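Engineer: Each chain, letter by letter, is given below.
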Amino acid sequence: MTRDEKNRKSKIVNRNSHNMHTETVHITPYRTLAWVLITLLTLTFITITVTWIDLSAITVLVAMLIASVKAYIVLTYFMHLKFESSLFRALVIMVLAIYALVIIGTFVDYLLR
Amino acid sequence: MEHRDDIGAKLGMWVFIFTEILLFGGLFLVYAVMRSRYSVDFHHAAHHLNAFIGAINTVVLLVSSATVAMSITAVQKGNTKLAVNLLILTLLCAAVFMVNKYFEWGHKIHIGLYPGSDLMITLNHGEVMFFSLYFFMTGLHMLHLVIGAIILAIVLVKVKSGTINANRYVLMENGGLYWHLVDLIWIFLFPLLYLIT
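Protein sequence lines correspond, in order, to chains A and B. Just so you know, numbering that gives the first Met the number 0 puts 58 at position 59 of the first sequence, and the rest follows in order with no gaps. Just so you know, numbering that gives the first Met the number 0 puts 148 at position 149 of the second sequence, and the rest follows in order with no gaps.
Isolated chain B (complex conformation):
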């Protein structure tokens, strides 16, 4: 008889998520302190961000979180086909997010706004802080999104092959938890970077 401990597996995932929360938490703390010291510079710099793209990406991530959660429900109910389709939809959302980010970053780099650029060193200290935090935090978030998409792609293959099924789906739940974490971080990144100008 095989041994498995689904609660233990989920507990391990949560402990990992806690380290991620503290990792991003540290960055949010730097943001908070710098914002209180250079509020005028932050105000100016945030105007350069495209709130529209940010809003679209927020909607895309929220939808993708819902489709992952629904996909788990589908697996639990034994509806493999629906589960696979919902996962494909999630990965499409991830792709849309990445394309948006590509254009967003691409535009900034095009106008010479990137860490270490000639334009950057002419800016005020607070503005440099804002853009450095912007690139680092959205970049780190993007890295998580890519890893999350890879995990969900593996989950998709396993759902298709039947390795993940109505009796055994803890890997999918943990993959889902990771994806929701990506969503959770964006929930705070979006208003702090794009909206509060």
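Chain A on its own, in the form it takes in the complex:
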């Protein structure tokens, strides 16, 4: 295996950008992306099956739980959050927390009327 091939195969590739400082770039391998897709398709299939057999009261809960897992996978791998600086993850968590507060606030308001 030539040095060039080794570089291509490694997950972390150091490359010299034209302004001469070295930065580390994460390249997500095709194989990882393919597995992510297969996982997402499987979860979609499970959602459809679960709502089909109808678990009555917990159907919505299960469907939303699976959707959340799918969203987490998309954010982590497709949207590359796993390999970005932790600032990005912190901001996403913050925004989701704000949204959760709005949901809680709205429902407390509606249920206590």
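It should be emphasised that the hints constitute simulated quantities derived from the structure, not laboratory data. One or more of the hints may lead you astray.
[As the list claims (entries may be wrong)] Stretch by stretch, here's where chain A covers chain B in the computed footprint (C-beta under 8 Å, at least three residues): (1) 19-32; (2) 53-62; (3) 68-81.
Bear in mind the structure is a predicted one, so any value in this text is a computation, not a measurement. Think of the CB as a built atom: it goes at the ideal place given N, C-alpha and C, for glycine as much as any other residue.
Dock chain B against chain A, hints included.
Structural biologist: What follows is chain B alone, placed relative to chain A:
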């Protein structure tokens, strides 16, 4: 020497995505409240949606997200030809989604089921809420899909011309982020509108 700040560019894109999340988040909140108030009406109305078309569109969007991500990998590895082909595949997926949506909406409009129609005003309040939310949310999602497809078409041209290459691809990453957002919203729209009947 040129100045560039790829992390700053991506941060800007994420801030924009946050506003989109809150935009759709507000609509999901309306859906949640209305669903809890008119659960029986929502149950009835959701039966009118074609879960099969919805499922196909879910698969199409997931595949298109994967092909965009793979296309970025191809650009990073310097494989322009593969990157271009994967982007073309993504745009084909977008086209399939749009055609499906055309038939889906077309059928509803054909049977007189659209906001403000004569049939709509005869329905229960909860059913009217469901169909209004259905048309507004899938319509707004569709608008995002069209914009995302235009952005990816621009990215495709730039990859082809070499403006986007292994050393410079932040525009492609941001275009990809927008496309994944479209996918992300559909992940929640599909079960809430089509499956939970």
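Engineer: Against each hint, give a clear statement of whether it holds in the structure.
Structural biologist: Hints, verified against the model:
Residues of the stretch 19-32 of chain B with a Cβ under 8 Å from some Cβ of chain A number 6, which satisfies the need for three, so the listed coverage holds. For the stretch 53-62 of chain B, the stated coverage by chain A holds: 5 residues have a C-beta nearer than 8 Å to a C-beta of that chain, and at least 3 were required. Coverage of a stretch by a chain is defined here by at least three residues with a beta carbon nearer than 8 Å to that chain's beta carbons; for the stretch 68-81 of chain B and chain A the count is 6, and the condition holds.
Figure legend: structure checked against the earlier numbered hints; every hint is met.
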